[in-house]
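> Residue strings, one per chain:
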Amino acid sequence: MSGTTDMILVNKDGKRIDGRTPDEHRDIKIEAGVLANADGSAYVEIGKNKVLAAVYGPRECHPRHLQDPTKAIIQCKYNMQTYSVSDRKRPGTDRRSVEISKITAEALEKVVLTELYPRASIDVYIEILQANAGTRCAGLTAASVALADAGIPMRDIVPAIAAGKADGYVLLDLNKEEDNFGQADVPMAIVPSTNEIVLLQMDGNMTREEFDKAIEMGVRGCHDVYKLQKEALLNRYSDGGDSDE
Amino acid sequence: MSKSRKVFPGDEIAVEEEYAASDGTFVSDGKIYASQIGDLVLDDDEYTARVESPNPPNILKEGDIVYAVVADIRKTMATADVVAKDGTERQVGGETYATIHVSKISPGYTEDVSKELRKGDFIRARVIGIKPSLQLTTKEENLGVIRALCSRCKEEFVRKGENRLHCEECNYTMSRKLADDYGDVQI
Numbered sequence: 001m002s003g004t005t006d007m008i009l010v011n012k013d014g015k016r017i018d019g020r021t022p023d024e025h026r027d028i029k030i031e032a033g034v035l036a037n038a039d040g041s042a043y044v045e046i047g048k049n050k051v052l053a054a055v056y057g058p059r060e061c062h063p064r065h066l067q068d069p070t071k072a073i074i075q076c077k078y079n080m081q082t083y084s085v086s087d088r089k090r091p092g093t094d095r096r097s098v099e100i101s102k103i104t105a106e107a108l109e110k111v112v113l114t115e116l117y118p119r120a121s122i123d124v125y126i127e128i129l130q131a132n133a134g135t136r137c138a139g140l141t142a143a144s145v146a147l148a149d150a151g152i153p154m155r156d157i158v159p160a161i162a163a164g165k166a167d168g169y170v171l172l173d174l175n176k177e178e179d180n181f182g183q184a185d186v187p188m189a190i191v192p193s194t195n196e197i198v199l200l201q202m203d204g205n206m207t208r209e210e211f212d213k214a215i216e217m218g219v220r221g222c223h224d225v226y227k228l229q230k231e232a233l234l235n236r237y238s239d240g241g242d243s244d245e
Numbered sequence: 001m002s003k004s005r006k007v008f009p010g011d012e013i014a015v016e017e018e019y020a021a022s023d024g025t026f027v028s029d030g031k032i033y034a035s036q037i038g039d040l041v042l043d044d045d046e047y048t049a050r051v052e053s054p055n056p057p058n059i060l061k062e063g064d065i066v067y068a069v070v071a072d073i074r075k076t077m078a079t080a081d082v083v084a085k086d087g088t089e090r091q092v093g094g095e096t097y098a099t100i101h102v103s104k105i106s107p108g109y110t111e112d113v114s115k116e117l118r119k120g121d122f123i124r125a126r127v128i129g130i131k132p133s134l135q136l137t138t139k140e141e142n143l144g145v146i147r148a149l150c151s152r153c154k155e156e157f158v159r160k161g162e163n164r165l166h167c168e169e170c171n172y173t174m175s176r177k178l179a180d181d182y183g184d185v186q187i
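Sequence lines, in order, name chains W and P.
Take 1 as the starting number for the first sequence in my numbering and just add one per residue.
Take 1 as the starting number for the second sequence in my numbering and just add one per residue.
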């Protein structure tokens with residue numbers, strides 16, 4: 001969205017620079033239960049994105065003034081490693097990571113049965129090891145698998161994926177070039193059982209028709225991600241490896 | 001008991017007319033859904049539907065044995081912070097601030113709480129109440145203090161007699177409600 005390029009992002013055959021068709025997502029690899037010391041964890045690769053998520057809790061909420069006597073709160077921390085992008089990222093919290101932490105926590109709050117654990121806190125840590133556009137979606141995808149791995153009661157698992165627009169085409173799961181030089185980016189997350197949208201943002205411009213198409217593409221993409229999330233959880237708990245390592 | 005299969009959060013597992021929703025499930029619109037990943041158990045004797053999670057959150061319930069550190073001694077009770085539940089390594093979820101009423105400390109009559117427990121004592125106790133707040137008891141034989149430090153010199157106390165502790169460093173003796181295995185507890 002920020003720059004211009006003479007690069008052809010989508011050629012006349014409808015092929016993208018990494019050989020995908022407009023409605024095809026990148027290769028996705030999900031693994032649950034990768035960290036021994038967290039209550040639940042997941043590792044997700046979406047194309048060149050590498051994301052680790054860890055979940056603790058429900059546990060006593062600190063700081064205490066954040067406690068809610070009617071339900072548990074979800075505290076999310078999204079963090080990018082300094083080496084996750086090509087220029088060194090200045091470590092620590094910034095405006096972007098605060099925003100992403102907030103929207104991730106709010107998306108998860110919609111599915112977690114927080115009312116079961118009053119005054120408790122469920123802590124979600126998302127670490128971006130390598131970024132290539134779409135890390136908030138990868139982070140949320142990983143976080144919801146980690147929550148399920150931690151045995152936290154929830155209504156559904158949340159998959160997330162981005163749709164967008166580049167070279168005038170509506171595309172699913174933008175990569176870095178399409179994100180930087182395209183016209184729009186629409187990350188979204190849904191509750192698969194009801195198709196409710198729990199996260200929706202848009203950067204850039206689209207017509208109403210393009211937007212509708214992006215949503216429709218995104219929902220389909222989310223269902224694909226959801227299948228992979230379930231597979232990852234099934235692998236974790238089917239080969240005799242129960243509970244914590 | 002009946003069939004068992006793997007379910008994921010959000011999977012529809014039964015309808016409310018057939019079964020009562022139990023652990024690891026939630027109800028919406030008369031249907032029962034799984035809320036945790038795990039094995040579905042449809043109990044045809046009790047008519048309950050539940051999901052057995054392989055890694056459930058560590059929430060305290062009545063009857064659990066817990067380890068706690070005494071935080072304060074009051075006139076009619078002691079307060080303690082629960083640090084762990086017996087038999088699991090997962091951190092305790094939810095409330096950890098507990099009270100032990102004077103009548104629930106030892107089987108006999110307790111005149112003074114500070115003769116049975118002291119601040120900083122490491123105790124093993126049983127959960128006897130969750131609501132409105134966490135309540136513990138140390139009445140049983142293997143419940144009570146399992147580690148204590150001398151209040152004078154902070155050396156570890158050695159058991160001497162049924163409910164007495166002795167400090168070999170400064171020759172100080174105190175009374176406590178001791179667990180039967182004080183001194184050789186392996187955690």
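Since the hints were made in silico from the structure, they are not lab data.
Just so it is clear, the structure is predicted and the values come from calculations on it, not from any experiment.
C-beta: ideal position from N, C-alpha, C; glycine also.
Just to be clear, a hint being listed does not mean it is correct.
[Claimed, not checked] Partial pick of chain P residues on the chain W-facing surface, computed with a CB cut under 8 Å:
hint	residue
1	Lys6
2	Gly30
3	Ser35
4	Gln36
5	Leu40
6	Pro56
7	Ala84
8	Gly87
9	Glu95
10	Thr99
11	Cys150
12	Ser151
13	Lys160
[As the list claims (entries may be wrong)] Computed far set for chain W versus chain P, every beta-carbon distance over 10 Å:
hint	residue
14	Asp27
15	Thr82
16	Asp156
17	His223
18	Lys230
[To be verified] Reference listing, derived: stretches of chain W covered by chain P, where coverage requires no fewer than 3 residues with Cβ under 8 Å from a Cβ of chain P:
hint	region
19	9-21
20	83-95
21	210-220
> Against the structure, test the hints numbered earlier, and report the numbers of the ones violated in rising order.
When the structure is compared with the hints, numbers 2, 5, 7, 8, 10, 11, 12, 13, 16, 18, 19, 20 and 21 turn out to be violated.
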